[in-house]
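Protein chains in written order, with our numbering: chain A, 1 to 68; chain B, 1001 to 1226.
Don't take every hint at face value.
Cβ-Cβ distance ranges computed for the label pairs, FRET-style [said to hold, decoys possible]:
#1 Ser1116/B with Phe47/A: 19 to 25 Å
#2 Pro16/A with Arg1008/B: 34 to 40 Å
#3 Asp48/A with Arg1027/B: 46 to 52 Å
#4 Pro1146/B with Ser18/A: 32 to 38 Å
#5 Asp48/A with Leu1016/B: 44 to 50 Å
#6 His1006/B with Gly55/A: 39 to 45 Å
#7 Glu24/A with Thr1046/B: 56 to 62 Å
Going by beta-carbon spacing under 10 Å, a handful of chain A positions derived as facing chain B [what the hints assert, rightly or not]:
#8 Lys26
#9 Val35
#10 Val41
#11 Val42
#12 Glu59
#13 Val64
Okay, the calculated bits of chain B under chain A, using three or more residues with CB under 8 Å as the criterion [to be verified]:
#14 1114–1124
#15 1157–1165
It should be emphasised that the hints constitute simulated quantities derived from the structure, not laboratory data.
In this text, a Cβ means the ideal position worked out from N, Cα and C, and glycines have one as well.
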Amino acid sequence: MIEITVNGSSSELDRPMSITAFLEMKGFGGRSVAVAINSVVVRRTEFDGTLIGEGDVVEIVRPVGGGL
Amino acid sequence: MSALLHSRTLALVTDLDVVPDWDDLARRIGAAVRGGVDLVQVRAKTLDMRERSQLASLLVGVAGHGARVVVNGDPEAARKSGASGVHLPETGAGSSISEARALLGPDALIGKSVHSVAAAVQAEADGANYIFFGTVFPSRSHRGGPTCGVEGIAAGVNAVSVPVIGIGGITAGNCKSVIDAGAVGVAAIGAIIGAYDSYRATRALHGAMMGGKSHSPGGDIGSAQG
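Input sequences plus hints: build the corresponding full structure.
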């Protein structure tokens, strides 16, 4: 298990995973969200290739309400 | 015109505090469009809707096919003036993208000013076609206010898929750094309409934004900030 922080709360993952896989696991798949890893906002085109690993601080910024 | 912006956009925001005379403003806008401005935001908060619509109509005519015109915070004035769309503030009255879209239709150009990654994500989800992100550098119009720097621009650009335009304290000397951070363009106020020669000031900004040499030999616009 690896420990990470997600939006200020401690969380655990079985293994390092890509941002894309992480968002799908969290139910954000296909939604327009922004993700920062250790305070750096990651470009969406890099979600597939960016791994979340031990000790990372993850911030998911999502829109409020219905949107489009 | 489609709601897409050019791959490099030089935007101009009007300010009646800088140029209060409409005819003078129109001359400066015309010169700026000839110089390379391709998006004009009519910001005239002190006018009523009828006056704002009249000013926007004047500037739509001046801009012609050279630039698209959006009206700040007033979809109805945008509709009446024949503008391409509307530019909405981050919060407060007249900030609803859905209401503007309902009035202006799916082809209208709708932009939004934001000051954070969260607001940028929200604007995109709500259907904004582009985003003004700032305040990048210290500016005359937001004197003493917080700034995000080029690091803030980079965060905003990474957070959304719609075009991001940097605003605040933009000059010919710093605009390339905003482009290098990922913005599709920059927006200026005083650096263009506050300049002695709006055409030359625009050419200098445009040249700097595109990474080339200034087309405006001489003339110091470096100290003029939008």
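Hint check:
Checked against the hint of 19 to 25 Å, the C-beta distance between Ser1116/B and Phe47/A comes to roughly 21 Å, which is consistent with it. One distance hint, 34 to 40 Å for the beta-carbon pair Pro16/A and Arg1008/B, holds here, with the actual separation near 38 Å. Look at Asp48/A against Arg1027/B: about 51 Å separates their beta carbons, and that is inside 46 to 52 Å. Distance hint for Pro1146/B and Ser18/A: a CB-CB separation of about 34 Å, consistent with the stated range 32 to 38 Å.
Range check, Asp48/A to Leu1016/B: about 48 Å between beta-carbon atoms, so the 44 to 50 Å window is met. Separation of His1006/B from Gly55/A is about 42 Å and conforms to the stated range, judged on CB atoms against 39 to 45 Å. With their beta carbons about 49 Å apart, Glu24/A and Thr1046/B fall outside the hinted range of 56 to 62 Å. With 10 Å as the threshold, the beta carbon of Lys26/A stays out of range of chain B, its nearest partner Cβ sitting at about 16 Å, so the hint is violated.
For Val35/A, the suggested interface contact is upheld, since its CB lies about 8 Å from the closest CB of chain B, less than 10 Å. Evaluation of the Val41/A hint against chain B yields a held restraint, the C-beta minimum of about 4 Å falling below 10 Å. Interface hint at Val42/A: satisfied, since its Cβ lies 6 Å from the closest Cβ of chain B, which is below the 10 Å cut-off. Hint status for Glu59/A relative to chain B: holds, with the closest Cβ pair at about 9 Å, below 10 Å.
Hint status for Val64/A relative to chain B: holds, with the closest Cβ pair at about 6 Å, below 10 Å. Requiring three or more residues with a Cβ within less than 8 Å of a Cβ of chain A, the coverage given for the stretch 1114–1124 of chain B holds, as 6 such residues are present. Counting residues of the stretch 1157–1165 of chain B whose CB falls under 8 Å from any CB of chain A gives 5; the rule of at least 3 is met.
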